[in-house]
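Visitor: Listed below are the residues making up each chain.
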Amino acid sequence: MSIAWKEIKKNKMKFFILGSIIFLVSLLTFIISGLANGLSQDNAALIKDLPNGQFYINRDAEENYNLSRIDNSVQEQVISKQKDTVAFSIQMGFLNDESDKQRSVAFVASTDSKLFESVAPGEIVLDRSLEKEGIDVGDTLAYKPFDKPLVVKRFVDHKKFSHAPVAYVNIEDYKKMYRSEEMQLLFIPRADETQNFKELQSFSNNDFLNTIPSYSAEQMSLNMIVWFLIVISGMLFAIFFYMMNVQKIGLYGILKAIGVKTSDLFKMMWTQMLYITSLSLALSIGCSQLFKKIAPEDMPYLLTNETTLLLSIVFIVIGFIGATLSGLQMKKVEPLHAIQQGEV
Amino acid sequence: MDIFTIGELRKTFSNGEVKEEVLKGVNLTLKKGEITALVGSSGSGKSTLLTIAAGLQPASDGKILFDGHNLTSMTSEEMRSIRAKKFGFVFQFAHLVPFLTVEEQLDLMLDVSEVKMPKENRQQEIHYLLERVGLSHRKQAYPASLSGGEKQRVAIARAIIHKPQVLFADEPTASLDSKRSKEIMSLLRDLTKTLNITTLMVTHDEEMLSYVDHVVKMSDGLVV
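These protein sequence lines are chains A and B, in that order.
Just add 775 to the spot in the first sequence (first one is 1) and you have our numbering.
Just add 436 to the spot in the second sequence (first one is 1) and you have our numbering.
Bear in mind the hints are in silico, worked out from the structure with no lab data behind them.
Even for Gly, the Cβ is constructed at its ideal location relative to N, Cα and C.
One or more hints might be untrue.
Stated by the list, open to error - A few chain A positions that, by computed beta-carbon distances, are all more than 10 Å from chain B:
| id | residue |
| --- | --- |
| 1 | Lys785 |
| 2 | Asn786 |
| 3 | Met788 |
| 4 | Ile807 |
| 5 | Gly909 |
| 6 | Asp932 |
| 7 | Ile1000 |
| 8 | Leu1030 |
| 9 | Gly1034 |
| 10 | Gln1064 |
| 11 | Glu1072 |
| 12 | Ile1093 |
| 13 | Leu1111 |
| 14 | Ala1113 |
As the list claims (entries may be wrong) - Residues on chain A that point at chain B, a partial pick, calculated with CB under 10 Å:
| id | residue |
| --- | --- |
| 15 | Ile1024 |
| 16 | Val1035 |
| 17 | Pro1075 |
| 18 | Gln1115 |
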């Protein structure tokens, strides 16, 4: 509706202020969302990169994989039923390089599976972040309680757990390192339905992620901020359009008197909301992509196109709701009152 | 030829338990192409009569026959459509849209009244009318930069651009000085006669009565 655009053109400052606020709020939302995703990836890329399926831990572990020890006979029973089941363990620990510098890692060992790195005894496969810290292929690393040295075989991209780089070790080495014959977890990939196994408790991928102690607390806080910002932007729309509509009550009355439909007044408001939101979102998407490039390398930041699109749609929907709620007063405007109130 | 007939029109306002009858059975007929002025003291009911006839507020009782319909029994959407397509309005103040230029004010009215015509013809029509009201040189101006008289001329142009059958004018010269009032009335008469538009006007100013065809005096809610 061109009348909507004409009002924006004539009252540039008023709409510029609204656009700036939406731009700032949406930019902040995109950046925090990027940080939330980045942290989530930094915290649990190892798990998040697995396909959808079912995780199993010991029922006695009380939803804490650290306490889980799956009996070998149970493990065999599950594997005999589901051939592609993989048993694995995750343990936080330290590796010392040749200069005895200590680095925190998450040791991961698994039975043979394409989902995890295959590692020969005495070898170790590391997340690439350690390469950036100066470790090279062929270096010998030591895990102090384990007398056998571990030779770096290769690096893999983006494999982190609990904010630490993942270090894949051979399952037999792992058993010696942690003096344990049992694995902590079983994973059945692409299992749509939960299968019940005695002594085991099952989790979907998302449910399992939430059992990681730091993961849910971190994500809940960040997501709360993201949604809070979205609600604030909706309220800003409602308040701003309410204030504009209050100023224009007289004008709406006159327009109604000469025969303008109330629905056309709503369309005018929605068009303005769409113009302002689209422009503000386009700018903030551009800036959030720029932020991705200028943010420090160590900062976990991941803003996918899907998240950007989803948040943009949410912003538009919230803006639409906010503007519509504030515009309900337009329905009540009586043309006669506007005429009697004098010049608009 | 009768175009607009008001019969036994009543309007009662309620304020709690107090009821006030402002129109007490008004009868009035408007003839095509003629200007009728409603005069009377304050509270005589002339403005109420005009706004009910224009479909801006409902009547309590009675009939308003126009174009084969009884306006008092129409829904608000039907009434809006009649206002947009068949009526024109000039108010005491110009009530122009502040963010539209003079030209755009008229273009908006053509949109509202759903007049279908090619863009070129539309521009010609607007230009012609602005010339008639002496404002073709100000078509790009916004209301804030117009004088009171110029604003009212734009309001008149907006009220008749879609060639309405009836024009309602509620004290169109009340906010203007004597010289400008005469100019506006002269223009109003000239345009409505040229376009054969029936006009119902409320005025307090007896000087303006020389421009109208009929004068209807109201007193205490009745035509006298």
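Visitor: Broken hints, numbered, in rising order?
Guide: Going through the list in order, the structure violates hints 1, 2, 8, 9, 13, 14, 15, 17 and respects the others.
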